[in-house]
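Undergrad: Now for the letters of each chain:
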Amino acid sequence: MSSSERLGAAPTPPNSGEAFIDWGLPLPEGYEGGRVRVMTVEPRMVRAAWELPRDGVHGWQVRAEGARGEELARLELGPEVSEAWLRVPAGTRGLLRLQAATGAGSTLLASLPFETPAEGPAGDREERWARVGADGKLTTVSAPPGRSADGLPGIGGTDRTGRLGGASSAGHSATHARRT
Amino acid sequence: MSDRTDTVSPCKGSLSLVLHAHLPFVRHPEHPSFLEEDWLFEALTETYVPLVRMLNRLEADGVDSPLTMSVSPPLCEMLADPLLRQRYAERLDALIILAEQEADARRGTPYQDAADYAAWLLRDTLTLWQERCGRDILRALGRHQEAGRIALVTVAGTHGYLPLMATDAARRAQVEVACANYAKHFGRRPTGIWLPECAYAPGLERLLADAGITYFFMETHGINYASPRPRFGHYRPVLTESGVAAFARDPECSRQVWSAEEGYPGDPLYREFYRDIGWDAAESRVAPIFMGGPRRGVGIKLHRVTGKVALDEKEPWVPTWALERAAEHAKHFLASRQAQVSRIADHLGAAPHLLAPFDAELFGHWWFEGTAFLEAFFRAAAEQDTLALTTPQRYLADDPTAQVVSPCASSWGDGGSYEVWLNGGNAWMYQHLHRAEEHMVELADAHPNPSPLERRALCQAARELLLAQASDWAFIVTMATVVPYAVRRTRDHIARFDRLYRELREHRIDEAALAEVESLDTAFQEVDPLAWRTDRVRHPGAGAAVWSVATS
Chain A
1 MSSSERLGAA PTPPNSGEAF IDWGLPLPEG YEGGRVRVMT VEPRMVRAAW ELPRDGVHGW
61 QVRAEGARGE ELARLELGPE VSEAWLRVPA GTRGLLRLQA ATGAGSTLLA SLPFETPAEG
121 PAGDREERWA RVGADGKLTT VSAPPGRSAD GLPGIGGTDR TGRLGGASSA GHSATHARRT
Chain B
1001 MSDRTDTVSP CKGSLSLVLH AHLPFVRHPE HPSFLEEDWL FEALTETYVP LVRMLNRLEA
1061 DGVDSPLTMS VSPPLCEMLA DPLLRQRYAE RLDALIILAE QEADARRGTP YQDAADYAAW
1121 LLRDTLTLWQ ERCGRDILRA LGRHQEAGRI ALVTVAGTHG YLPLMATDAA RRAQVEVACA
1181 NYAKHFGRRP TGIWLPECAY APGLERLLAD AGITYFFMET HGINYASPRP RFGHYRPVLT
1241 ESGVAAFARD PECSRQVWSA EEGYPGDPLY REFYRDIGWD AAESRVAPIF MGGPRRGVGI
1301 KLHRVTGKVA LDEKEPWVPT WALERAAEHA KHFLASRQAQ VSRIADHLGA APHLLAPFDA
1361 ELFGHWWFEG TAFLEAFFRA AAEQDTLALT TPQRYLADDP TAQVVSPCAS SWGDGGSYEV
1421 WLNGGNAWMY QHLHRAEEHM VELADAHPNP SPLERRALCQ AARELLLAQA SDWAFIVTMA
1481 TVVPYAVRRT RDHIARFDRL YRELREHRID EAALAEVESL DTAFQEVDPL AWRTDRVRHP
1541 GAGAAVWSVA TS
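Line order of the protein sequences matches chains A and B. Per our numbering, the very first residue in the first sequence carries number 1; after that it's consecutive. Per our numbering, the very first residue in the second sequence carries number 1001; after that it's consecutive.
Bound conformation, chain B alone (with noise of 0.2 angstroms):
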């Protein structure tokens, strides 16, 4: 990609399309059935499988995708985890069938196609992902990378909040974590990673540049806040004095596809989330997917937006009304970036640089007609040269000059500081975060060298540690959604980690309790205790909006 913009060229800009894939770690193996996995069987069904569908395609007609995917490690726990991926593949079975039935039952109807369409993506969905793709979408994901087609970075361990946590020993060992996890799934070390919610504090950059990490995202202020001031704001990546260079979200980008107002997915042609044959069916033909759990959605929607009325009134979803859509979007879309770019390089004198990040679960989950869209982007943009799609590492290998700056606190969450992970509702979390972390340091310092027992206690510990930490649980106290779910699981996390805090500190290690912890909270079987060690942290304060003082 050209540096500047020039007469010969008539690329005008770029742009990196970031997904940022993840959902905590839920598994509830003591359940023969449980509510929130559906989260993941989902969330596959509707976006990662699809992407990987798109990904394909796109391959094998020689279109370039460059794509880059954050995949968090709870998300690539729970992918390649025996006990989902079979109950994911009974979901998918018990779809079909419902799928098939629904299909038969509306043939002859405005909604014939909508429902032969579901019958036929479902079972689409289980030959890709369970024969092509070996029932192991990060092996999928790894061969694109592997290829060249996209970039897959990290994300910190459990997409944990790395500027409220009290230690530097746990702010480093989340990054730690993430990049271990990241080399047992896809057999290399990263090096891009995305902060949880986007969250950053001064300092930051020097334990991901002590990990090997070259880049990492950002919100839009915490480049254009930057001292001093950065010259072309938010249009180009910065370098960090630790050699880490940060890209900052482009609003514009984001608007276009995630406004109620102005976005895409409320076209009255797309497919209506919130109508759902899990709702609309007979109880008795869809109680066989629910297995005894409250009646839900189950992903089979027949019903497209409409407008703005009642979810009674909704009509029926036309699968090629909405594809074509998707693909006209895909082209207005490319037009607005082209159209942004040529304007702000008119302005700066420069090539500038959008980045375009979005929840991955948003394409195809939320807005189902999504993963088309991408895909209709990526051939668009493949016919034109106004815009260079890239990722950051291409970005950065092709244009490495920046400008050296400190950039701001922030976030991505409302108010674009800390406010959503930080409020009377969920401020009480952080009293046990922060004495488990100091816990944990005191653990690792006090167990140099432990024996085999203690070791599985030590990793356990730092398992719930890690898991307790996960930024979804203030997230969702912050929304009011399924609050008790995320209470309880922090207080789960944290009381297991204080019993094995005791056990170790008392040197009486209850064997059976441990183990049947083991088998519930299984993520992360590579962590490494040793991690949280005093000795271990490089940069005190790095990273850091908590400061704490002990007294005696």
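Bound-form chain A, shown alone (with noise of 0.2 angstroms):
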């Protein structure tokens, strides 16, 4: 047995004359068992992907509902799709529904409760300081002297310049250009 055959290598494609693209061994169809599942993409959206029989649906509707079960999305989508990414509010907790649009309209699943993060800096200011002791645990201390950081460069919520953005984008494309 080659070592091609062993491991279930993609096969060598028929010489068409365009340069071959070895893409990797060929991946699983589907799996067992249905799953949905909400993924954090930013503060003001989440991405839903599920994995579920799709006899007889006609297509999805797909619902995120805050705390109190206000709407803050909702999207109708064919049967052939099995992810959305909806636009939520920013450091909200909420759970998402997933209908079958079948006739029948009830409901096949909720998520279990998700949230985005914050957008901005808390408004809450009550400050604790402590310090660790030889346990790992933390020992409550009082505060030292200074004052807030507001005004300051960075802070207050206007500068999100992270590694591959704005500013920081040369050294970005310089990390990772290697990989071209």
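Since the hints were derived computationally from the structure, they do not count as laboratory data. Note that the structure is a prediction, hence the values are computed from the model and not measured. All C-beta atoms in this analysis are idealised placements derived from N, C-alpha and C, irrespective of residue type, glycine included. Incorrect hints may appear among the rest.
Said to hold, decoys possible - So these bits of chain B aren't anywhere near chain A, every CB distance computed over 12 angstroms:
hint	residue
1	Asp-1081
2	Ala-1105
3	Val-1546
Unchecked claim - So the derived label-pair ranges between C-beta atoms look like this:
hint	chain 1	residue 1	chain 2	residue 2	range
4	A	Arg-131	B	Gly-1307	49 to 55 angstroms
5	B	Phe-1034	A	Pro-26	19 to 25 angstroms
6	B	Pro-1316	A	Glu-29	54 to 60 angstroms
7	B	Arg-1139	A	Ala-110	51 to 57 angstroms
8	A	Pro-26	B	Arg-1135	37 to 43 angstroms
Take the two lone chains and join them into the complex the hints point to.
TA: Laid out in structure tokens, this is it:
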């Protein structure tokens, strides 16, 4: 048995005159058991993806709800779709309901509660200061002297320059262009 | 270091310089030469060996060099790999021959100094790496750590993007694999960790605390958007409820080095990255380097940036000019940081701490003079006392008091969240990665006492999952660089994992096939597959940005 047979390598394509790109071994087309997953993308977006039987399904309704059941986002999608990117408010806790349009209209699944990150500084300014003891636990201590950093660069939500964005783009491309 | 500004000490604040060294695990024994292995060879020649050279020189001159370096487990595994070491030795030998030919050919031309320098540097690299380090860069770095000159921290597992993992066990295992790998290479457990891509989700620190980690690094707004609002913002580390400290990147420090507009690396006197004799020399002369592979850069570069001109208008690189400019930039960087901490100290009424993290490969590889800049910076810093250079570990030992907050979900990617690693181009990966995680947990739970053959298969399944989880693959797809390679690596590791999963579940392990995969993906021989067991999970949901529901 050759290496490629044993490892299930993708077959070499016929000589079509085009450059062959090795995209690697084939992946499973599906998996046993259904799943719905919600993933935080950024403060105002979550991605829902599902692996569910499509038999008899004419379409999907994906609805994101806030903590009090209020609707945050809703999408109507065709039966062939298996993911949705939903705009939601930043700093939100919610859950996602996935409904199949079969005529019955019953809720198929509700996700576990998800949350999106804050988009700015917290309003809560209550302070607790501590040290780590020998047992690894926190010991509360009195606050040191000093004033708030408000007004300094990067404080207050105006500078979200990450590694790959804005002013840092040169460094980013430098680091990863090596992989070209 | 003083906790607060006073009238006795002129020290206004402190700075931790952190270099993050990481490459994905690229080792292809199935080919005599493989393009992507160049990533390691280039980084060794241009960054890792020069950093050791710098540390050795500073040590010899008695100059303090409190550098913090994260060295990722895949990089550690490659640096310690006998095959890759042998290939690197052969590459260096071939490069030295090429560089000496080039030096001879350039004699009496404006390129003579640059060519002579390249030949000398390659010979010195071989001497340092092979003879003084015994081909073992990790041992050289470890020696500097043991002497207290630098701090080495680990990086989660295979640079897996922890918040986007679906299972608690997988996140926990990435941390545990990191700590075990660090202990293998450096002889002790790590105290600090670099979260891959600085990707953080609330609760992750609980996993770190369980592993004995005492500090980690974050993007700026991870602390500035924490709750409650930190009084000193990112200008001081914070404590999480788990007792693990978080340090956040100072963007002002980064900008001066990273920025295309304001940064140093674009100076006209510095060596031009994109002009390389791999492209310029006659093909017959460079062909031995490529061993039948595609033509590419070889790292011997004789031109300077010059300015905004076409590549064929670049002027000769002059080593002395460039190194003098690096020293000037180091002094400028130091003066800027002195001014910055003085200004912030006045505002806060307290001494700030600045965290300046960079990808290690920026220094030397992308910015050739970068390691000379670092050396000059350490030398200049040793001559003044306005800015104290420190490491996070030293800082926490000197000043353990910090505000307790819950940091905000964040990463250092574009936009500050997870979108670089989760978008329309790479989202397909997660279905397979998440299922593989679940299957690994299932295997670990089902085999508490595996037979020797089952254990081999379990270990290999764990390796395949870990290698598939590298954040590099999703990143490469987003950046549209070597997309076929990233896709191939993801698919290969998932497919190999899936095969092992089926065989273990069906009690029919193909030992010959297993041996073949073991010979290909050799990283993490110490891996413990039971690290994925459900009963090892102590903090459900900690560090998750994925919420799953399974149907029956």
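Undergrad: With reference to the structure, classify each hint as holding or not holding.
TA: Right, here's what the structure says about each hint:
no.	hint	result
1	Asp-1081	holds (19 angstroms)
2	Ala-1105	holds (28 angstroms)
3	Val-1546	violated (5 angstroms)
4	Arg-131/A with Gly-1307/B: 49 to 55 angstroms	holds (53 angstroms)
5	Phe-1034/B with Pro-26/A: 19 to 25 angstroms	holds (22 angstroms)
6	Pro-1316/B with Glu-29/A: 54 to 60 angstroms	holds (57 angstroms)
7	Arg-1139/B with Ala-110/A: 51 to 57 angstroms	holds (54 angstroms)
8	Pro-26/A with Arg-1135/B: 37 to 43 angstroms	holds (39 angstroms)
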